[in-house]
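Engineer: Chain order of the listed sequences is S and Z.
Residues in the first sequence are numbered from 1 upward in steps of one, following the working numbering.
Residues in the second sequence are numbered from 1 upward in steps of one, following the working numbering.
Since the hints were derived computationally from the structure, they do not count as laboratory data.
Just so you know, these numbers come straight off a predicted model, no measurement behind them.
Treat each hint with caution, since some may be false.
Intra- or inter-copy, both count: the list cannot distinguish identical chains.
As a list, the in silico DSS-like pairs of lysine-lysine whose alpha-carbon atoms are at most 30 Å apart [what the hints assert, rightly or not]:
1. K199 - K57
2. K265 - K90
3. K338 - K398
4. K57 - K350
5. K398 - K57
Protein chains: 2
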Amino acid sequence: MAKELKELTKRADNYSQWYNDLIVKADLAEQSAVRGCMVIKPYGYAIWEKMQQQLDKMFKETGAQNAYFPLLIPKSFLSREAEHVEGFAKECAVVTHYRLKTNDAGDGVVVDPNARLEEELIVRPTSETIIWNTYKNWIQSWRDLPLMCNQWCNVMRWEMRTRPFLRTSEFLWQEGHCAFATREEADANAKLMLKVYAKFAEEWMAVPVMQGVKSETERFAGALDTYTIEAMMQDGKALQSGTSHFLGQNFAKAFDVTFLNKENKPDTPWATSWGVSTRLIGALIMTHSDDNGLVLPPRLAPIQVVVIPLGKAEQVAAVEEKLNPVIEQLRALGISVKLDDADNKRPGFKFADYELKGVPVRLVMGARDLENGTIEVMRRDTLEKESVPFEGIVERVKNLLEDIQQNIFKKAVTYRDAHIYECDNYEEFKEKVKDGGFFLCHWDGTAETEAKIKEETQATIRCVPFRIRTDTRRGYGIRKTIKVPRAHCT
Amino acid sequence: MAKELKELTKRADNYSQWYNDLIVKADLAEQSAVRGCMVIKPYGYAIWEKMQQQLDKMFKETGAQNAYFPLLIPKSFLSREAEHVEGFAKECAVVTHYRLKTNDAGDGVVVDPNARLEEELIVRPTSETIIWNTYKNWIQSWRDLPLMCNQWCNVMRWEMRTRPFLRTSEFLWQEGHCAFATREEADANAKLMLKVYAKFAEEWMAVPVMQGVKSETERFAGALDTYTIEAMMQDGKALQSGTSHFLGQNFAKAFDVTFLNKENKPDTPWATSWGVSTRLIGALIMTHSDDNGLVLPPRLAPIQVVVIPLGKAEQVAAVEEKLNPVIEQLRALGISVKLDDADNKRPGFKFADYELKGVPVRLVMGARDLENGTIEVMRRDTLEKESVPFEGIVERVKNLLEDIQQNIFKKAVTYRDAHIYECDNYEEFKEKVKDGGFFLCHWDGTAETEAKIKEETQATIRCVPFRIRTDTRRGYGIRKTIKVPRAHCT
Numbered sequence: 001m002a003k004e005l006k007e008l009t010k011r012a013d014n015y016s017q018w019y020n021d022l023i024v025k026a027d028l029a030e031q032s033a034v035r036g037c038m039v040i041k042p043y044g045y046a047i048w049e050k051m052q053q054q055l056d057k058m059f060k061e062t063g064a065q066n067a068y069f070p071l072l073i074p075k076s077f078l079s080r081e082a083e084h085v086e087g088f089a090k091e092c093a094v095v096t097h098y099r100l101k102t103n104d105a106g107d108g109v110v111v112d113p114n115a116r117l118e119e120e121l122i123v124r125p126t127s128e129t130i131i132w133n134t135y136k137n138w139i140q141s142w143r144d145l146p147l148m149c150n151q152w153c154n155v156m157r158w159e160m161r162t163r164p165f166l167r168t169s170e171f172l173w174q175e176g177h178c179a180f181a182t183r184e185e186a187d188a189n190a191k192l193m194l195k196v197y198a199k200f201a202e203e204w205m206a207v208p209v210m211q212g213v214k215s216e217t218e219r220f221a222g223a224l225d226t227y228t229i230e231a232m233m234q235d236g237k238a239l240q241s242g243t244s245h246f247l248g249q250n251f252a253k254a255f256d257v258t259f260l261n262k263e264n265k266p267d268t269p270w271a272t273s274w275g276v277s278t279r280l281i282g283a284l285i286m287t288h289s290d291d292n293g294l295v296l297p298p299r300l301a302p303i304q305v306v307v308i309p310l311g312k313a314e315q316v317a318a319v320e321e322k323l324n325p326v327i328e329q330l331r332a333l334g335i336s337v338k339l340d341d342a343d344n345k346r347p348g349f350k351f352a353d354y355e356l357k358g359v360p361v362r363l364v365m366g367a368r369d370l371e372n373g374t375i376e377v378m379r380r381d382t383l384e385k386e387s388v389p390f391e392g393i394v395e396r397v398k399n400l401l402e403d404i405q406q407n408i409f410k411k412a413v414t415y416r417d418a419h420i421y422e423c424d425n426y427e428e429f430k431e432k433v434k435d436g437g438f439f440l441c442h443w444d445g446t447a448e449t450e451a452k453i454k455e456e457t458q459a460t461i462r463c464v465p466f467r468i469r470t471d472t473r474r475g476y477g478i479r480k481t482i483k484v485p486r487a488h489c490t
Numbered sequence: 001m002a003k004e005l006k007e008l009t010k011r012a013d014n015y016s017q018w019y020n021d022l023i024v025k026a027d028l029a030e031q032s033a034v035r036g037c038m039v040i041k042p043y044g045y046a047i048w049e050k051m052q053q054q055l056d057k058m059f060k061e062t063g064a065q066n067a068y069f070p071l072l073i074p075k076s077f078l079s080r081e082a083e084h085v086e087g088f089a090k091e092c093a094v095v096t097h098y099r100l101k102t103n104d105a106g107d108g109v110v111v112d113p114n115a116r117l118e119e120e121l122i123v124r125p126t127s128e129t130i131i132w133n134t135y136k137n138w139i140q141s142w143r144d145l146p147l148m149c150n151q152w153c154n155v156m157r158w159e160m161r162t163r164p165f166l167r168t169s170e171f172l173w174q175e176g177h178c179a180f181a182t183r184e185e186a187d188a189n190a191k192l193m194l195k196v197y198a199k200f201a202e203e204w205m206a207v208p209v210m211q212g213v214k215s216e217t218e219r220f221a222g223a224l225d226t227y228t229i230e231a232m233m234q235d236g237k238a239l240q241s242g243t244s245h246f247l248g249q250n251f252a253k254a255f256d257v258t259f260l261n262k263e264n265k266p267d268t269p270w271a272t273s274w275g276v277s278t279r280l281i282g283a284l285i286m287t288h289s290d291d292n293g294l295v296l297p298p299r300l301a302p303i304q305v306v307v308i309p310l311g312k313a314e315q316v317a318a319v320e321e322k323l324n325p326v327i328e329q330l331r332a333l334g335i336s337v338k339l340d341d342a343d344n345k346r347p348g349f350k351f352a353d354y355e356l357k358g359v360p361v362r363l364v365m366g367a368r369d370l371e372n373g374t375i376e377v378m379r380r381d382t383l384e385k386e387s388v389p390f391e392g393i394v395e396r397v398k399n400l401l402e403d404i405q406q407n408i409f410k411k412a413v414t415y416r417d418a419h420i421y422e423c424d425n426y427e428e429f430k431e432k433v434k435d436g437g438f439f440l441c442h443w444d445g446t447a448e449t450e451a452k453i454k455e456e457t458q459a460t461i462r463c464v465p466f467r468i469r470t471d472t473r474r475g476y477g478i479r480k481t482i483k484v485p486r487a488h489c490t
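Chain S extracted, bound-state conformation (with noise of 0.2 Å):
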């Protein structure tokens, strides 16, 4: 693993080569056998479970609740929404049949020809349809709004060019499906969760992001709005990390759902849908990792402390002595510790390994720390280790991991408004664009010059803000809009 370390390609090599080196070396996730689908590994998952326990709850305080919709849609759903099957239908897998049966040589399988469906199913890219088709039954009456919905699941796009957590065949998500009885409840929902989603990633991920809204081409197929939040990565390139979609009322048009208002009269719901996925994990990574590794926000690190004995045996076990209630004590506090007293790995191994992982607080202790009262603490964000008294590592621990998500938050934020451009002049603008970053521009709302913009120099307009926010800068009007280039990953 230390050898292996050397091998993680450096940022300013190859940023790209440096991210997929840094999944397989950090144990996060490993492509599978299937084209496009990637197996997520222990400690990848880890993180995940972090991501959802922490969104379920945000989502269940907006009132919605968890539910669970078929994996497989009907083929003939997908063209009830017109622009909806423009827009998605095209890369999906198709189950055609339900049978397979032995071959005739007796030594394989194959496809059971007389299993055909009548009807083909899709393995569902999102789930709209089926479940705008089930909300029929369930929505009748005022009494029945709202009805809000939310589904952890995996879907299926068929992705011609993949990249682990950022884009892959199959993903792991969750979607929120809610239905109003009227507009302006509907449209205030889609902005609800745009905020829970930018509240979750820059207080719990520590990565700052801007919210708008998506240009017409950009929007979700069938969605009258789609609400975005964008985070930039290091290498300047705008990554689209979550969603939250104001769909007016198409699907319940496309799935003749009604139901009697207020005043006994036959109405038509107003719907939203919202999702984020694995590629989270995607935007932690490149946002705050460095040469080294990983480096994960304490809110969101599967470990979020690694204590260290050095020494002989003997001396590892009186150090252990002294380090099982600060363990302990930690664990109390609801801290994530690992004691990694393994006798058949090298300290300097170890450290390489934890630094690797994205461990935020190292706490290491020998003989000589025993003696004199200390104990050194390493902080993975800026790799400083210092010797502190023993006396009050608790407290000092649990500071120092709010310090790093603070310092963490910070420093993206700096790096990010350090590459936001307000550029007027589009000769300036082309020029200026190649090197990565956000710019802030004038836009005459036309698909023609968004196509032509994108055409010309690669940015796309990643969303007309309803607000920067900055510790640094003054917040901008909803008519400047962003381009940026297009994210190799977008």
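With chain S's structure known, arrange chain Z on it following the hints.
Structural biologist: Relative to the frame of chain S, chain Z by itself:
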């Protein structure tokens, strides 16, 4: 709803219909537009979430970690393990294409014939094959063992006859897949996980289970031994509620997984797999519920206490003022409380609805209670209600929840044990087995006898029990075998 409640079929009239009715009326699940696939509604899903939380904790205590493996499995993987393919591969959803296109008329989509996969992909019916193909890369040395992964996911088996929760084409489950250096460790893990399942079933679901080993005929395809927990439903039939498999080296060999052992020699790992599914919700319903609706064990009830204030608006306000601190105190104890003060439903309707939904404790308070310093407490398991002093109600409710948990377990044990029969005479067995129940019988251990018994009586060998856990009867040795009529659903 009060009207609908009357329509719930009585168990005595038609147990199977009662089950189907109850699932719909209690808002647990419903059929979807896709044959054999159900929608799990929020109330049903909330039960599954509570199950997941506890099981996940118990799995992690054994050292297992969560991970995620692909949904789709290359067809050729299924035939790698010969017995496995025999038992499983036949009824699967098969993905043959990866793209749709607009039809000629332009008003729908068709499968794009140019997008045919070179090798078909199967929607996972279980994941031994793809996981062991992955483990090949993860297991090199004895230091990589034990490897213990679990995944929470959806699986698909193309069932011809489906019943909500008990047998559906798609279902949610967890599947643990472990690798060990020795046979002993693997077999011990398979048995340990069965104990985890049994503990969960008895202590959380309040469902007594019989633990034992399956006959060769009923064994998991590819396993050397399948351990099972079998519960008795109210119709005297068995429901297989969880299985844990000792897989030997079959999958390791099929996927060429080897490791260097402590003696630095090539060796083959030993495997287990274990799973429980949303079928557990079916077991829960069929063990405890009655003609008034669900009876849920307090530990898994989404709503543990419902509080209903009575009277006109002014009285309700006064009652709620008194109730609010109680609700807060109950919630502070981790008890989930719902206050239902909706004024558009009559109390009688609410009472019937919460009985139908199986809320363990109902508190009702009106103006007279306020005067008298009393409150009405109803327990769902016995339907007993009594007026008790308001003073001390928090403590009383807390104890009552525990009491209900114990009581429904005892009731289920009593029922089960009253329907376990020792039988040494085949003629007697043939007659008696018609009425259901578990039969402890001798068996010569051959598949021929097993098939003959099944043909002549429809009874199947559910397991050779390790021992019989019961409060009222002595244990039975492993030489005895339980035969019971095959449940509709197993």
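Engineer: Each of the hints needs a verdict: does it hold here or not?
Structural biologist: Results of checking the hints against the structure:
1. Proximity of K199 and K57 under a CA criterion of 30 Å is satisfied in both settings, with 13 Å inside one chain copy and 28 Å between copies.
2. For the homomeric pair K265 and K90, neither the shortest alpha-carbon distance inside one copy (38 Å) nor that between copies (51 Å) is at most 30 Å.
3. Taking the shortest alpha-carbon separations for K338 and K398, only the intra-copy value of 15 Å comes in at or below 30 Å, while the best inter-copy value is 36 Å.
4. For a Cα distance limit of 30 Å, the shortest separation of K57 from K350 across copies, 28 Å, qualifies, whereas the shortest one inside one copy, 35 Å, does not.
5. Taking CA atoms no more than 30 Å apart as the test, K398 paired with K57 passes in both settings, with 23 Å inside one copy and 25 Å between copies.
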